[in-house]
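Visitor: Fit chain B to the given chain A structure using the hints.
So the sequences go chain by chain: A and B.
Start counting the first sequence at 1; every next residue gets the next number (the numbering used here).
Start counting the second sequence at 146; every next residue gets the next number (the numbering used here).
Rather than coming from a laboratory, the hints here were simulated on the basis of the structure.
You may find that some hints are simply not true.
DSSO-like, lysine-lysine: derived pairs with alpha carbons at most 30 Å apart [to be verified]:
1) B:K147 x A:K122
2) A:K122 x A:K60
3) B:K150 x A:K60
4) A:K66 x A:K104
5) A:K60 x A:K104
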Amino acid sequence: MIEISESPIDTAELQRLLTDPAAGGYCAFEGWVRNENEGHVVERLEYEAYEPIAVAEGEKVLAEAKAQFPYLAARCVHRVGVLEIGECAVWIGVASAHRDEAFKACRYIIDEIKVRLPIWKKEHYANGDSGWVNCERCAQHGIAD
Amino acid sequence: MKTIKVCYFAMFREHAGVAEETLMLEAATAHDVFEQTRLRHGSDEPNGHCKVAINDHMADWDSPVNDGDTVLLFPPVAGG
Chain A
1 MIEISESPID TAELQRLLTD PAAGGYCAFE GWVRNENEGH VVERLEYEAY EPIAVAEGEK
61 VLAEAKAQFP YLAARCVHRV GVLEIGECAV WIGVASAHRD EAFKACRYII DEIKVRLPIW
121 KKEHYANGDS GWVNCERCAQ HGIAD
Chain B
146 MKTIKVCYFA MFREHAGVAE ETLMLEAATA HDVFEQTRLR HGSDEPNGHC KVAINDHMAD
206 WDSPVNDGDT VLLFPPVAGG
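Only chain A is shown next, with the shape it has when bound in the complex (with noise of 0.2 Å):
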């Protein structure tokens, strides 16, 4: 499942729900707030989502990858609002009986859920300045990580 969420989250609790006797195996990402994009110093990002199309969306990334790489579970959650550096912007977890499912779910569903849904953030530049993402160039997977 997906969940768009304005509080900050709990990534403990979020791999004690993918708990299953039959995984043998468990992989996550986490995106962070990072204090420099494109020679800018950033301060901190805004996240905004249209969530009814972020969620739907969201789900059909999820069941694409258990398509291609079944695997048992897999969550995801992104944060709106206001994020300061070091703080966890989105976070995927997947657990599989072995872990090359894992691994690669989690690398299908980071890249599509990049371009995908209607996401935006907003940078904070030390100099006073702000500034929407453009992320047109996220299409060449892992750049903008």
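Guide: Quick look at chain B alone, frame taken from chain A:
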């Protein structure tokens, strides 16, 4: 003319100065709505990396719009 409710997000909302507005438009497709609101608000964002939804479902730029539809205009996304 069709009555279309248009919703703007992130940078589009800031350009438009409103989160949503109901407009009377001569529009056949979602792309027509995008172009007309772009002219209306002086935005220069091309639609190449933008997405559109109609009545809470993701749509294509050539999807038809009907009287009473809600068109959601999404600027380039940046999750994660």
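Visitor: To test your reading of the hints: which numbers does this structure violate?
Guide: Of the numbered hints given earlier, the structure breaks just one, which is hint 1.
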